[in-house]
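Take the sequences, apply the hints, and build the full model.
Residue numbers (UniProt numbering), protein chains in the order written: chain S, 1 to 976; chain P, 1 to 499.
Hints are not guaranteed to be accurate.
[What the hints assert, rightly or not] Computed footprint of chain P on chain S; a stretch qualifies when at least three of its residues, placed anywhere within it, have a C-beta under 8 Å from a C-beta of chain P:
id, region
1, 544-550
2, 577-587
3, 760-773
Because the hints were derived from the structure by calculation, they are not lab data. Just so you know, even glycine gets a beta-carbon here, dropped at the ideal spot from N, CA and C.
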Amino acid sequence: MNSKNTKAGLYQVRANKLLMLTVFMLLFSVGMYAQGKKLISGTVNDKTGMGLPGVSIIEVGTTNSVATDVDGKFVIEAAVGSTLEISFVGYDTQTIVVEQNTSTLNVTLEEGALMLDAVEVVSVGYGTMRKSDLTGAISTLSGDDLLKGNITSTSRVLQGKVAGLAVVQDTGDPSAGSSIRLRGGTSLTASNSPLIVVDGVAGVDIDIVQPNDIKSVDVLKDASATAIYGSRGANGVIIITTKSGRKGASIVYNGFTGIGKAANNLDLLSADQWRGYVRDNNLADAVDYGGDTNWQKEIQQTAVSQNHNLSISSGTETSGLKASIQYFDNEGVIKKSGLERLSGNINAYQYAFNKKLKFDVGLMANIDKWNPVDYRVFERSFNLNPTIPVYDENGDFTSVGGTLYENPVEILTNRTADSRRHRLLGYFKTEVDIFKDFKAVVNTSLEHNALQADQYKPSYAVLEGRTENGYAQKTYAEYTTAQIETYLTYSKLFDKHSVNVMAGYSYLENVYQGFGAQRSGFETDLFGYNNLGAGYSYRLGDVYSYKGKSNLVSFFGRANYSYDGKYMATATIRRDGSSRFGANNKWGVFPSASVAWRISDENFMNWSDNWLGNLKLRVGYGVTGNQDGIGEYKSLSILGVGQDSYYNPATGTWSLAYSPTQNPNPDLKWEQTGQLNIGLDFTLFNILSGSFEYYSKQTKDLLYTYQVPQPPYLVGTMLANVGELSNKGVELTLNADVINKDKFTWSVNGTFAHNKQVIEKLSNQTYETDIIYSGSLHGLSGMSNQYSQIIAEGYPVGTFWGKEFLGFDEDGQFILSEEEKAIGDVQPDFIMGLGMNFTYDKFDLGISGYGMFGQDVLNATAMMLNDPNRLPAYNVPDSYVGSGINSAPTYSSYWIEKASFFRLQNVTLGYTIPFENIGSKLRVYVMGENLAVFTNYDGTDPEVNLTGLANPGIDRFNNYPRPRTFSIGLNFTLAE
Amino acid sequence: MKIKITALFLTSLFALSCTDLDEDLYDRVKDDNFGTTPSEVEALVGGAYSSLRGFSDGISNSFPGSEYVFFLNAVSSDETVIPTRGTDWFDGGQWQRAQTHTWQPSDGMILSAWRYCYAGIAKVNSIIYQIDKSGLTDEAKTPIYAELRAVRAYYYYMLLDMFGNVPIVTDFEDQNLPSNSTRQEVYDFVESELLDALPHLKSEIVYSKFTKNVAYSLLARLYLNSEAFIGVARWQDCIDMCQNISGYSLNVDYFGNFATENQTSGEIIFAIPYDHTAGTVGNYMSSMSCHYLHRFTISPTGDYPWSANGMSAEPGVYSSFEEGDIRRNAMVEGEQINLATGSVIIMDSGEPLIYTEDIPDFTNSTQNVGIRLGKYEMKPGETWERDHDLVVIRYSEILMMQAECYVRLGSPGLAQPFVEQVRSRAGVDTPGTIDLDFIDKELLREFLFEGRRRTDNIRFGTFFQPGWELGTTEPYRAIFPIPETVVNTNANLVQNPGY
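In structure tokens:
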């Protein structure tokens, strides 16, 4: 509505200054209704019944126009007999004549053959935007993109799909998660994982969502996009929106079953090779136990998995319901391991009062069950002599004494470990159209996550069972996060101007608690872990409990402005206060600003219209934070009570001492990242579309537990904000519809990213550190307190530091350089994802893979196994025999390998049987996962953990083998 | 009207606003909320004693009864070596450097020893600060301060011995980076702190607490080593201090001092108590020496903790004991019998497990060489964390200090009865004349593996003379360097001369 036309007065709403809203609210001006016209309300939907936001409705011949809200609703006042033109980019325009009796209009727009990104709606945090209006770097995936391939966990389906988003699966253990990292890590201490937002609830566990329930995933990459999440936005934000009920009813079943085997094992000597070696070298003292055992195979199994997912959906004009249930049983390739998950999800929405009020309610829950594997079995499976049989002549487990020499099959068999995790997420969201153009949203949510872990090592178990005479343990840990978020949005379209303003407040409270108990000394093994009281041996520390709480208070706002779809600007601000921060830094402010220019829409670009569909330049800068590295109470001077007991000689008893546990740091605060992003979106020849991003991130106030001088400090380490590091990189996303014929289509999508990380500073006035040693080798024989990496100015995190290998001398001893130097780094130069989809008539074929290039891995497994002291008692790799290595394991560049790889992750071939009823269909498919890995790396798998400080890029016996899996599956959709 | 409705709605939304960011504590307390009741004060003072057990925190392991603090002093002396066995115990060469007196400021064990002392000092300072703030009367505070200052003096005594020129920090609230004091200043500080504390310490014997007797013993140690520390001999002062000590006698059974229940020994003047059921950690010296399979010599089912096959006696130590000297049983030698089979244990290599005195090449040893430490009781069913208390000062040391001082003062005859007491308990005769060399060797035999040999070596000068796998040692190595990370993080500290 235009005030010039209606001669209406203006008024302003002024919000409470204290609430930081003033700036935004001043922008609002709202017209009042003129007399003598007809008020028409309605909804614009797409053909699936989903409301279309931002649709323009113009009274032809006037400048009177409105736009639909996020649900596709609109209200316009128009003269009887006038014509309304309803248009939206990407859809065919409709015109409707206003009759005397017209009061509501429900319009369905048909898709036109235009740019896709113009119609895509993207979640940007506390609201949505049309993709065409974006000014920040945001990648969007729809549920259908995600489900073509691996469909077992939400984090894994993102693998290789978003430029700059590295999803690394540390092991093949189904119960282990993946690490997700966007654009290189920004933190030494804190989590480098992006913030996960599910249906508007920020900071939740990604595994609460099952892949089948995902409607879309939006990955907010640059700071101008993530600054709306302030002190939690520095590592990027992944916004997951789940499917909701749609008009009509539908039932969908997805199911598959598959078998997997370890894709690769180390080549160690077989019993025959071992005997040959012993014979050839005249090793008289070698003990031949007479068996022929492949110890790696003995702890493995063929893993059978099955997955069933059933979902129902229904909806009317004013309500919708969606529910799904899933059972997933994923066996691991190591005996007894796996993950069993039962999950359910239900959500509903209901409109009221002529669609002025909307309620959304959702509940997601799942239960995971698994048997944690003792990872110490891997090193033993490499150590044991292949002539040792698994069972002796009595059928008992063979037990040969020795260091790290326990029978790994015995370890797996004899101990019981059961873990269960419960996840729950519920939310209730209310949206109110307060008055024209204004909408208020209140979202309350609760997330609960509880882990229960039990284990029992019977009195006959070789490892820790015998010495403890039976050992039982039960632990429980949980957290609950309650959030309330309220925000107000104002959106207005007049002439060619589009304005959208949002301001809000959020309060979060996290409470965690847990307890545990353990006992040993059981007269019988009958109870397992179910009767701790039956254990007679008790130690201080055998029972414990804890509880803590933190809260986060935020004010935030965003303003978008766009002119004619050509010029766009966005500004956001967030102010976060956290109880975890030190007294001197309780509040942080995180601003951002970005602009975009659709160059292709300019008149001077008309010459390129026939080949350049879209060209948009985006530039943004923002400041974000990371507060994960600060635990609760870290800034305070605390007295703790733990295992700090003291003896009372008068009574002969022990009491507990209370002692300071940490150096207080009242200055403690978030890590702060300033990020510049320049992006270019393009579409060429209607075939190739994509975007290019350049970014530069500067992180300061890095949290690290610094070694501080003792004296004067109480404790030798202190968590403080000191260092600085930078990440710079480029990303390219390409999508090509190479062939798009009726019967045959071929599309290709690729993501490419390069990131360079440098630590700029590790010291400030108070703390001085030249080098932090990391990549600990502690625990490897002869490597106590040895480190393989440094964190130092001028180098990336995870720089291998050591002596360079120069050659072997005549005795097979390593010749190493005198000086230590940088001999590798764990950061990949380049990561990529590649997918191809073909359809031919009713067949579809999808191929996807991902790769990382240029990263170094310390093959510590090989370093320890190629040891001349091992034979004949301990097994060695085939390649060791005849290698001439005659030197005890020594860390040097010799053991650092380039671990570049490309993994052919998924190939799926499907056949769809269409039904007469449009929307119903049956698809059957076969799928192969982890089919091939192209690499020169010598170990079992080049993909090792790259995140964190503990052991990034170190392949160290803990390789739970990755499976190679083949599945057959069925998708069945029945729709009205 | 619309405005009012909107305003009302907005107000109702933001009425929920809460901006309280104070942290609520549930399972711990802020320091200013503690120390008001007598039991809370007791729990604070208890922390000074628990600090003596050391700690392990990812930077270093500073358990006085096993890892680096003990190793540093033992391996750098003439009693102990940690041979490199294949890869095992190479650990960057630090044990080889300790053996050959070529340690570097970056060696982890040196940092461990430093942090052991200063973590304890910082803790004691913080407890003094807490007691200051408590509501106790001055009369009630005085004996508490005395006890705490004596504990702190013990830490400074160790710093004086190991590092010499260390900063003296006594104020918990002072966060300035301190600078070095001279070794003389540290010496004076230890002496005056102990002398000041003495009148307020308990006169009676209170096991494992800092009493008058413990303070006298520490002062005696200080005077005994005074010549080595500051170049001023104070032999007579040492004797005088020893004679203040009363109420102790030699335990009839030498090994009673090292039994699991050794708190009953009437010989122990000061010990650090351990009990695994009370959650004490770090007391596993007994697991640091014997072979991995040694547990089968203790229990037929191997019901004894794994051991790490490290520390061994230097060649010559075992054979320096006379036949019949019961103290030789502090070492484990020869063929090791598997109690389950009755035959010799076979190692992974297929060879029998025989501990030998000879160590042909300590940088590249087989698993079996070296005679092992077995001074503290080893029995089936023990846990990794042992229950025996770690002996710091025994009455026998008081006797030997007097004997040594009399010899040094030129009256070996007066030394004779002290030495005789010690030796007759060990089942051996005492020669007619006692000289310094004899005292030196007797200290080795009596206090083998008790963590004090380096100090004796320095006092007798043998530390600087060539020895087994050892050339001549420069005098500056009588003290260790200040650890590299400490010097790097505190610009006010000057490294010890020579390093």
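Does the structure break any of the earlier hints, and which numbers would those be? none
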